[in-house]
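K.L.:
Sequence:
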Amino acid sequence: MGKKDKYLVGLDIGSTKTCVLIAEVEGELVKFLALGAAESKGLRKGLIVNLDSTVSSIRRAVEEAESVANVPVEEALIGVAGGHVRGVNSRGGITLGQHP
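According to this note's numbering, the sequence shown is numbered sequentially starting from 1.
Mixed in with the good hints there might be a few duds.
What the hints assert, rightly or not - FRET-style restraints, in silico, Cβ to Cβ:
# : residue 1 : residue 2 : range
1 : R91       : N70       : 25 to 35 Å
2 : K31       : E63       : 15 to 25 Å
3 : H84       : E28       : 32 to 42 Å
4 : K31       : E75       : 14 to 24 Å
5 : R59       : V80       : 36 to 46 Å
Stated by the list, open to error - The list that follows gives simulated cross-link-like pairs (lysine to any residue, SDA-like), each with its CA atoms no further than 20 Å apart:
# : residue 1 : residue 2
6 : K31       : S67
7 : K6        : N70
8 : K17       : G42
Worth flagging that the hints you see were computed from the coordinates, not collected in a lab. Please read all numbers here as calculations on a predicted model, not as lab measurements. All residues carry an ideal CB built from backbone N, CA and C; glycine is no exception.
Can you build the whole structure from these sequences, using the hints too?
P.N.:
Laid out in structure tokens, this is it:
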């Protein structure tokens, strides 16, 4: 990948604001590039009550961060919190067809 290993993007969707942080990773160094923020709409007490409004808030924050950093957001690390969030350990499998 040359000099730049990759970018890290963090997304935080809160009840009052949505933030997107973009950082550049070079070796062991992490350099802050941009922060985009937008008023959160479509959320109430941490729950999505209007998906379209929530998506719009995320889009505005992403576009702001992309504009400042001049880097397109292709993937993001997302933190999820709240009393309604539960972790479940699960195992699954899939049967694949035979290869000719």
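K.L.:
Run the structure past the numbered hints and jot down the numbers of the failing ones, going up.
P.N.:
1, 5
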